[in-house]
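Please construct the entire structure, taking both the sequences and the accompanying hints into account.
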Amino acid sequence: MSQQAKAITSPLPGVFYRRPSPDEPPFVEEGQSVQEGDVIGLVEVMKNFYEITAEESGVVLRFLVEDASIIDAGQTVAELKGEE
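Mapping to full-length UniProt numbering: the sequence shown position 68 is 68, numbers consecutive.
Be a bit skeptical, because a hint or two may be false.
[As the list claims (entries may be wrong)] Pair ranges (Cβ atoms, derived):
no., residue 1, residue 2, range
1, Lys81, Met46, 27 to 37 Å
2, Glu29, Glu55, 28 to 38 Å
3, Asp23, Gly82, 30 to 40 Å
4, Gln4, Met46, 12 to 22 Å
5, Ala7, Glu44, 15 to 25 Å
6, Lys81, Lys47, 10 to 20 Å
7, Ala7, Glu29, 11 to 21 Å
8, Asn48, Gln4, 10 to 20 Å
9, Glu66, Pro11, 17 to 27 Å
10, Met46, Glu83, 31 to 41 Å
11, Val65, Gly37, 31 to 41 Å
Derived from the structure by calculation, the hints contain no laboratory data.
C-beta atoms are modelled at their ideal positions from N, C-alpha and C, and glycine is treated no differently.
Right under this line is the structure:
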């Protein structure tokens, strides 16, 4: 992770999804600007879905996990470059 990038992490272990449903576009794409609180993905835990949000405004540099991947609590799912 670059020095300027901030980690967006999962609050829970489960399955990470970049889109709200299989037939919809991703919440955000790499290189896209987001505002604090914007949803960047979901984590599914026992058929319940929890939002993963940007903790500050900036640009999503890259996703570090693939859609529908199993992730751990605290795992970095994306890198965000904050606004300067």
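Do the hints match the structure? See the list:
Between Lys81 and Met46 the CB atoms are about 33 Å apart, so this pair conforms to the stated range of 27 to 37 Å. The supplied range of 28 to 38 Å is broken by Glu29 and Glu55, whose beta-carbon atoms lie about 19 Å from each other. Between Asp23 and Gly82 the Cβ separation comes to about 32 Å, which falls inside the hinted range of 30 to 40 Å. Between Gln4 and Met46 the beta carbon distance is about 36 Å. The supplied range of 12 to 22 Å is therefore violated.
Distance hint check for Ala7 and Glu44: the Cβ-Cβ separation is about 21 Å, which falls inside the suggested range of 15 to 25 Å. Range check, Lys81 to Lys47: about 34 Å between beta-carbon atoms, so the 10 to 20 Å window is missed. For the hinted restraint 11 to 21 Å between Ala7 and Glu29, the CB-CB distance of approximately 18 Å keeps it satisfied. The hint said 10 to 20 Å for the Cβ distance between Asn48 and Gln4, and at roughly 34 Å that hint is violated.
Checked against the hint of 17 to 27 Å, the pair Glu66 and Pro11 passes, with Cβ atoms roughly 19 Å apart. Look at Met46 against Glu83: about 36 Å separates their beta carbons, and that is inside 31 to 41 Å. Range check, Val65 to Gly37: about 21 Å between beta-carbon atoms, so the 31 to 41 Å window is missed.
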